[in-house]
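A.B. asks: So the sequence lines, in the order shown, correspond to chains A and B. First residue of the first sequence: 1, per the numbering used here; consecutive thereafter. First residue of the second sequence: 1001, per the numbering used here; consecutive thereafter.
The hints are simulated quantities; they were obtained by calculation from the structure and are not laboratory data. Warning: the hint list may mix true and false statements.
Unchecked claim - If you want the ones that stay clear, here's a sample from chain B, every Cβ over 10 Å from chain A, calculated:
no., residue
1, 1063
2, 1085
3, 1264
4, 1455
5, 1468
What the hints assert, rightly or not - Some chain A residues judged to face chain B by a derived CB distance under 10 Å, without partners named:
no., residue
6, 33
7, 59
8, 97
9, 98
10, 195
11, 222
12, 225
13, 227
14, 229
15, 232
16, 233
17, 234
18, 236
Nothing here was measured: the structure is a model prediction, and the numbers come from that model. Glycine included, every Cβ here is placed at the ideal spot set by N, Cα and C.
Letter by letter, the chains look like this.
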Amino acid sequence: MEPKSPVPTNTVLLPTTVVGSYSVPEWLERLKTEYYQRRISAQHLAEIHEVAIKAAVKDQELAGIDIVSDGELRRDNDVDYFLARIPGVNIPQRAKTDYFDYYETEVTRPLPEGPETSLGLAGDFRFTRQLTGKPIKFSFTGPFSLSRRIRDDAYTEPGELVRALARRLNAEARELAEAGAELLQIDEPFLAGYPEQVELAIEAVNIVTEDVPVSWALHVCYGNRYARPSWEGHYDFLFPAVKAARVDQVVLEFARKGLDDLRLIRQHGWDKWLGLGVIDVKNPEVEAAELVASRIRRALEYVPAGRLMINPDCGLRHLAPEVARQKLRAMVAGVALVRAELPGAELPGAELGGGETA
Amino acid sequence: MDVDLRPVKKLRDSAAARSALGPIMEAVCAAPADLARLRVVCDWIQYKQNFREPVVSRPVAHADNTDTDIEIAFDLRRCADIDLNAHVKEALSEEHPGLPLEPWVPGRDSCIWRFNQLYWQALSHWEMATGREYEQSLPGGESDARNTEAARELILELFRIWDELDARRALPEELYVLELGVGNGNQARTWLDEFVQLDRRHGREYYHRLRYLMGDYSPHVLERARRTVAHHAERVSALVVEATRPSVTLGFLAGKAFLVYISNVYDNLPTDELACIHGRTYQVETQSFLTEDDATQIAHRFGASRDELAKLIDRLLRIGPELLSEATPGQFPDPGQAVAFWCAIWEALRLRERYVPLEGLDSYPVTPDLTGEILRPLIEGQGDVRMHVSNGALGSFTGTLPLVHPFGRIQCHDLFLTSRRQYRTGFYGPGKYDGSVVNWVNGPLLQLVASRRGFGVEYTPFRQRPGSNITTLTAQARD
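Bound-form chain B, shown alone (with noise of 0.2 Å):
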């Protein structure tokens, strides 16, 4: 039996997480199952909303299909006041009661991330229900947007490159900056006010060929940022854009953006995960499913039968709730109750999970560019670990890089892991923010790629926020 114990620093810190270990080798030990064939894995889960049952277990096929092992997972953070007894009893049982939304999927596939789309495409419904914007939602209560030291920084810069640049007669006529995921429009405000005061002060006349795009996702929040930025409408542009496709949008803008500035993006985009066990390579599959407890708790809330519920969320997915509420008015009579059946299945929502054997790395696409020959180095010859191949993110990444003009720069403020070890130490998602998924980025993945296509990556803590878990993400042409 292998244990493996990832809240390294939990268990210094958490009296309950050490107390917990004893008791869980107990249950472990007591419970009807090969023990040779068992692997216990102990995490904690730092997201109160998160996909998790305090005690779950996984299928680890073998590539033959003639056998399986079991990972049994446990969340340290809540196994203190639980029969532990029952839930390992519970996880282990071969059946699966509650009620399933989607057949078994890789993880970027997860029904999870049709929430999340939805979130962002009705966030005003959500904001209203409610009764706070989502900027409240975010850690510290506000975005990381208003802070003019750091456009400062970045701008001056932009003006030394530039003023090198014209004196070899190199100058574009038109000077790029993108930001995708705008938010409210404060960055590009502050930002551009900023580059207002310093381009009279420089006296070069930069802020006139200046060209801010902004891209987002939703209409709906890049409405609002324009508004925001309503004083600068002649440099800026506002653009829909697919966050994991950027290059569909934005190709005009191929070399370049002398500087693309990305906040809060990555850890919002769907991700698979992969893991290696005793040196095989394994995709994480995940259905999600509602217990039987709360979807039978719903369905009687929403007037609808537990037969009925899979199909009205679906329906809830596919329309949203403002429709849904059109459509169904015996059950919404308006569009705030829509939300609120909304809000519960989030609530409730959970993910079970499976290990699948991977034929090989090289027959997994990544994104629809990239292999995964690129993860060998990161998931092979390192012992057991589990990552996330960060789909969505390296999408939008890959595809922002060829933006780039050789003398600009990507900055991006996110959740990145920065070692490929700190997979060993924490749990780092899926969990929930709001009505959002968020999942940490995969930092070495992507310096890994960006190594391959020619630029360095580095990441700093956030200067903004100290003790904040953002990390600034800055990627420039090396060589």
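Just chain A, with the same shape it has in the complex (with noise of 0.2 Å):
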């Protein structure tokens, strides 16, 4: 089946995108921390966070990407944003000495199930869908990793706490789409450090992606807290089990670990779009343009420039704004040294969406 274009046709070749999370400054973690330790009030956090999404959305129009994300800016870390929304997640102790913090999490009987019980994705999406006019990526950590931060004492086999995350993230995936969604990605930043549960993983990826109309991506890296990798290998444990899964895109890290990894999209046959991540998010230099042109030209030996999107290795939260902005802006002027190399990248219609702010 041929996969669903993460983006508009008649658009651009090697369209540029952000894995999801933007840069968090200084200031930003203070404040969160602040209202974590109880000091400043939700409602005004909140106010700070839509100020902080515009900012992250301007920049990344200005550095010229062509599809934005919200940054990821109203989540305190990659789990702890989603598990204190889903009910039956008990958090004993919800006061943080620093907002990036894990909360200790548990479950102690099923999670209930049902349309009710939103997690407000959708509201988050509509926010940011009103600030530009451009196509919006909105990805969420997936169900094995948010399961690997519960303490289960509620389920007899590990596996029915992940299908059942799955089952809450599916329900929450068909509200964004009747919001308006159409590019949605699944992040599994644990999965690298548990190989021999690819297999589970996809299964859970497969539910949360059943019957939601939008393009769907994958999102498999090696651990980005801390701007460290919590994990190393090498991605053979994500093939052949991957291309069971129903997405359209994987969303790969190359810029850190090399592109010998390359070699298992032609090895095992991945036919579908991959996000190549050219851009080092462990390490502040930023790249030159025609380092980020080399890594998507030895990725075009491998994937057609007509299935190939062009990203960072993972989310920007740890780099400092301005290293931020100069990385995407890096990132597009490569894109656009490759692009002109390319016959016909420039198509009709090349604008993707509507320009900037609507």
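Assembly of the complex is requested from the two constituent chains, each provided in isolation within its own frame, with the hints serving as guidance.
C.D. replies: This is the structure:
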């Protein structure tokens, strides 16, 4: 089956995007921590987040990114924002010493299911939608990774918790699609640490994506907590299992790890889109546009230009704001170099979406 | 008037400490000072060689520079047999006699650190002059490097991790272990000898993949350590490493070190001190000096005029005793004489201090990569407190964290405070250890910084020498 295009047709080749998170400035980190220590109100923090998201979207537009995100700036980290909203997940201590710390969480009985329990992600999407005319990627952490941060005293078989979380996220994805989301991304930052459980993770991904009519991306990296990899290894573990995933794109990191794993794309006949990580988000040194271009050219030996999307390795949250901006500009400039070499790269109606802020 | 009694334990243990309190208060009350603007601090300076007179005063400047309070500090250990009235009067005098060796500077820029640097660079000369190796000046008379049981535990844990990574094809070809501050090489020898034995039994031939890196500031120390592990020469590399900026030399090791072993390094690196007094944050500025009597006596002993002394000291610190002897054979006919001069100055060296208001924590650079914001949770909202910033240790520690493999660890033995509260109950430096400076390290601050970088830090008593002040820090990636 032909994968859904993650971008509108009649567009440029090699569309650029982000993985999800955007630079969190030190002042915002401090304010988030103030909230978790109950020194500022939830209402004030929500307003601060809205301002920060507007700035993040604007930064991406100015850098020339084709498909933007809200920068995940409302989220304290990649897990707790979701777990704190899922009914049935108990969090005994909700104050934090630092906002980025993980909660200790538990489930003591099976998660309640039903449409009345929304996590509110569709509202987050709608806010971003009215900020920009550009296509939007909206990402959320996948059920396997969420499950790794929960002490499970409810299910006899560990996979059941993962599946229950997946059903919860499927309901959320349906709401997102109804709100107008066209490109959703599932992040599985913990999967590389549990390669033997890849089949379970893929099964859960398919529960999340079931009957949700959007273009789906699956992001698997080696972790980016505190700008450090949580795991080491190769993407061998992902294949061939990931071929069974009902997604249209895998988004993988290559800039930090090198491009050797591109061989897996050919070896396993991956015929959907590839989100190619060309920016190392763990290193503040800004890549030269030519380095970005060279990485793309190498990938083109394995993936046709019509199925290649260009992004950083992972979220930009740990980079300083100016470094994040420079890296995005370098990425766009590197893509421009390669586009100029490709016949037919500039297609009619090449602009993605409606330009800057609506 | 505030009275801050810090040596809590000594107030119970020492009759001398208790009996000094009454006379101290009487002497303070008799002093010609505005008592409303006076803070009284009582310490117990446990280092017999230190930088303090029994009674000292420290101006506390106001932010607008219009006014100044005074802190007067007493060393309870030395207050029993002195004329307190005379000492208080002298301390509160606005005259500052003696020979200053530098302008007022933050603690980390004090020339005491140049002396410290000289000690490690010219260690062999110092040892020759004093007739004992530096290890003998450590508490207990030897380093803590010869414990095979501790080495075995670490190595077996490494084997467990390496086996697991190997099973998922995630084990790198080269297995790096880094030791910072190598001493005489005994730790490395003990560790490597044990490694060979255990590896033979384990049967995975990890020894042939092992890269043991020894890093030290002192080429002299490094050379001695290299000789100690000569029988492991193929597996060992020795690198001169600037302790406060390890990434300059060791950047290639990012994310690769499975074990970083550090022993008695951090307490010997430059530090500032900050204080919170009445809700305001201050930096402690220091000035090294010699008392009038010491300056006169040393100048006379080495045939210099008092005016020449400061320049001669600066020259010693720049070129070391050997070259000083060559350059001024009239005064120092051999290097031993120059070392004797060095020892005399070091013994006499004193520090005076003052509190200068900080504009804001964010404008205070802890290290080139870290602002004073990181100190806020430790120093604000906790009442009056004075603490080390441990700038050198933090620079070293934060430069080392990125070197650690996701499944690696840092193990560090040193003088760590493990709770912020300790700053209210004792004195933690600076003091003198032989020819070097010693300062306890602000453990809660290292813990906080590590936490912001995704590492958990645990402090445990140093198991190899029960009762010692040494604490073991273990840092590992968390989450």
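A.B. asks: If you test the structure against every hint from before, which numbers come out violated?
C.D. replies: Numbers 4, 7 - these are the hints that the structure violates, sorted from lowest upward.
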